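Going by my numbering, the first residue of the sequence shown is number 18, and it counts up by one from there.
Worth flagging that the hints you see were computed from the coordinates, not collected in a lab.
Since the model is a prediction, treat every value here as computed from it, not as a measurement.
Accuracy of the hints is not assured; some may be wrong.
To be verified - With a Cα cut of at most 25 Å, we get these calculated DMTMM-like pairs of lysine to aspartate or glutamate:
{"hint": "1", "residue 1": "K119", "residue 2": "E46"}
{"hint": "2", "residue 1": "K202", "residue 2": "E168"}
{"hint": "3", "residue 1": "K202", "residue 2": "E22"}
{"hint": "4", "residue 1": "K202", "residue 2": "D148"}
{"hint": "5", "residue 1": "K119", "residue 2": "D148"}
{"hint": "6", "residue 1": "K42", "residue 2": "D148"}
{"hint": "7", "residue 1": "K119", "residue 2": "D100"}
{"hint": "8", "residue 1": "K202", "residue 2": "D157"}
{"hint": "9", "residue 1": "K42", "residue 2": "D183"}
{"hint": "10", "residue 1": "K42", "residue 2": "E193"}
{"hint": "11", "residue 1": "K42", "residue 2": "E181"}
{"hint": "12", "residue 1": "K42", "residue 2": "E22"}
{"hint": "13", "residue 1": "K202", "residue 2": "E137"}
{"hint": "14", "residue 1": "K42", "residue 2": "D120"}
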Amino acid sequence: MKAPEQIMRVVVTGPVGAGKTTFIKTISEIESIDTDRRATDEMAHLKPTTTVAMDFGRVTFGPNMALHLYGTPGQERFNFMWDILLRQAHGIVLLAPAHRPKDFFAASRLLRYARQRAPEAPLLIAATHSDLPQAWPIADILPAFGIDASESQIPTLSINATAERDVARTLIALVERYAERSNAKRIAS
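Use the sequences and the hints to build the structure in full.
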C-alpha cells in the first residue's frame, strides 16, 4: 500500500466525557491508541476511565491524504498535553457534551485555548450526546460559549460519536474548511 503524500493532524478536544476517545475509536482504520486510566478523582462519577495523555487514530482520506487524529485529555490537570497536541494542528474538532450545560464553560475555555495556540487551524464544534432528552440544541450552546450563533463563522454539527457516519461527516466538514483556507492562502500569495 502506497503511503499518502499529505498527513493532516486533527486535534479532537473537549471536556471530560464529551466523547473524544469514542469519536476516534469509531472512525480509526487502525486499532486506536489510548492512554485511558482509572479515574480516581471527581471525574470518576462521570466515567470509570479518563485520558491522561492522548488518544490516536488514523483514517485514509483519499489516495493522497491521511488524517491523524489526536484526542486531548479533558481534565485541566493534563493541559500541558493540549499545547503539545495543538502546536502543529491542521484542524480542530471541539466536542461539546450537549447534555451537560455545566461543562459548557470548560468547553468554551478549550475553544479559546485552541484558537490562541493554533489560530490558523480551522475549527468546528460538534455537540455530542444530542440524542439525550436533556440535551441543548447547538443554537443554544453557542451563546453559552459567548458566540453569537447568527454571526459565527465556526461550523457546528450535532453528532453521535458512536456513529461512523456522523464522525465521517464531521471530518469531511473539517477537511473542506482546511482546503478552503489553503486555497485562499495560495490565491492571496
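Cross-check of the supplied hints:
1. With a C-alpha separation of about 34 Å, the suggested pairing of K119 with E46 is violated against the 25 Å cut-off.
2. Simply put, K202 and E168 have alpha-carbon atoms about 23 Å apart, close enough for the 25 Å limit, and the pair holds.
3. Distance restraint check for K202 and E22: the Cα-Cα separation of roughly 20 Å lies within the 25 Å cut-off, and the hinted pair is therefore satisfied.
4. At most 25 Å may separate the alpha-carbon atoms for a hinted pair to count; K202 and D148 exceed this at roughly 38 Å.
5. Simply put, K119 and D148 have alpha-carbon atoms about 18 Å apart, close enough for the 25 Å limit, and the pair holds.
6. The hinted pair formed by K42 and D148 meets the criterion: a straight-line CA distance of about 20 Å does not exceed 25 Å.
7. Restraint check for K119 and D100: satisfied, since their Cα atoms lie roughly 24 Å apart, inside the 25 Å limit.
8. Using a Cα cut-off of 25 Å, the hinted pair K202 and D157 is violated, with the two alpha carbons roughly 33 Å apart.
9. For the suggested pair K42 and D183, the alpha carbons sit about 13 Å apart, so the restraint of at most 25 Å is met.
10. Only pairs whose Cα atoms come within 25 Å are accepted, and K42 paired with E193 is accepted, the gap being roughly 22 Å.
11. Pair hint K42 plus E181 holds up; C-alpha atoms about 9 Å apart against a cutoff of 25 Å.
12. About 24 Å separates the Cα atoms of K42 and E22, which keeps this hinted pair within 25 Å; it holds.
13. Note on K202 and E137: the hinted pairing holds, with a Cα-Cα distance of about 11 Å set against a maximum of 25 Å.
14. Proposed proximity of K42 and D120 is supported: the alpha carbons are some 23 Å apart, at most 25 Å.
Violated hints for the displayed structure, listed by number in ascending order: 1, 4 and 8.
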